[in-house]
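Student: Which chain is which? The protein sequence lines are A and B, in order. Position 63 (the first sequence) corresponds to 63 in this note's numbering; numbering is contiguous. Position 35 (the second sequence) corresponds to 150 in this note's numbering; numbering is contiguous.
There could be a bad hint or two in this list.
Said to hold, decoys possible - Stretches of chain A that chain B covers, calculated by requiring three or more beta carbons in the stretch to come under 8 Å of a beta carbon on chain B: (1) 45-54; (2) 68-78.
To be verified - With a Cα cut of at most 25 Å, we get these calculated DMTMM-like pairs of lysine to aspartate or glutamate: (3) Lys218(B) <-> Asp54(A); (4) Lys107(A) <-> Asp174(B); (5) Lys218(B) <-> Glu15(A); (6) Lys49(A) <-> Asp174(B).
The hints are simulated quantities; they were obtained by calculation from the structure and are not laboratory data. We put the beta carbon where it would ideally sit given N, CA and C, even for glycine.
Residues per chain are reported as follows:
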Amino acid sequence: AQSVTQPDIHITVSEGASLELRCNYSYGATPYLFWYVQSPGQGLQLLLKYFSGDTLVQGIKGFEAEFKRSQSSFNLRKPSVHWSDAAEYFCAVATPYQAGTALIFGKGTTLSVSS
Amino acid sequence: DGGITQSPKYLFRKEGQNVTLSCEQNLNHDAMYWYRQDPGQGLRLIYYSQIVNDFQKGDIAEGYSVSREKKESFPLTVTSAQKNPTAFYLCASSADRGGTNEKLFFGSGTQLSVL
């Protein structure tokens, strides 16, 4: 079965430092991969997605992610973190269900930003 | 403004009671989804609907029911059979009902608690 693993439950980064959030997936075919961000008590907002082509994808808010098939990874990065980036981040893979597709989410990584 | 509206924001359920969470979208999307979010568990798919008058079970459908009588609406009923209903419930929609889930739009969620 398809699955997504986010190894880090909680990460703390200093403001202005670089960030990398890890995501590993299990999927037999070429995956469709996503990163979402969630602020407390809110829904999720799409940061970026990978379907095919260039393995380095750019997203909103200065985030990028790199798809590495050999490592089954889709890590999220940002060169300089801002305090407003503190949130929970979810990696997801689109997976076929009986009559279509749905997203399978990882358990999330909570990002704290220290001053 | 187009979007997804979930109501109420907070909901309390008494023992043995059924409660219904509302989800309405004016994005003209075909596909709609319900996810349950528990701390440290990420998002788990309850039900999804790719088209009006059709819906499919997700990973944790037991104790829940849905209907899709209108394209705009996808209400979720948490029945008395769901013994652990306390969670944050997220509704989402997508224009892509059979492909890649190019982008999910999320509502702001409903926090359900048991009295």
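Student: Hint by hint, say whether it matches the structure.
Tutor: Tested hints:
For the stretch 45-54 of chain A, the stated coverage by chain B holds: 4 residues have a C-beta nearer than 8 Å to a C-beta of that chain, and at least 3 were required. For the stretch 68-78 of chain A, the stated coverage by chain B is not satisfied: 0 residues place a CB nearer than 8 Å to a CB of that chain, which falls below the threshold of 3. At most 25 Å may separate the alpha-carbon atoms for a hinted pair to count; Lys218(B) and Asp54(A) meet this at roughly 19 Å. Simply put, Lys107(A) and Asp174(B) have alpha-carbon atoms about 15 Å apart, close enough for the 25 Å limit, and the pair holds.
Annotation: proposed proximity of Lys218(B) to Glu15(A) is violated, straight-line Cα distance about 30 Å (limit 25 Å). This hinted pair checks out: Lys49(A) and Asp174(B) have alpha carbons roughly 23 Å apart, not beyond 25 Å.
This entry does not satisfy hints 2, 5, going by the numbered hints stated previously.
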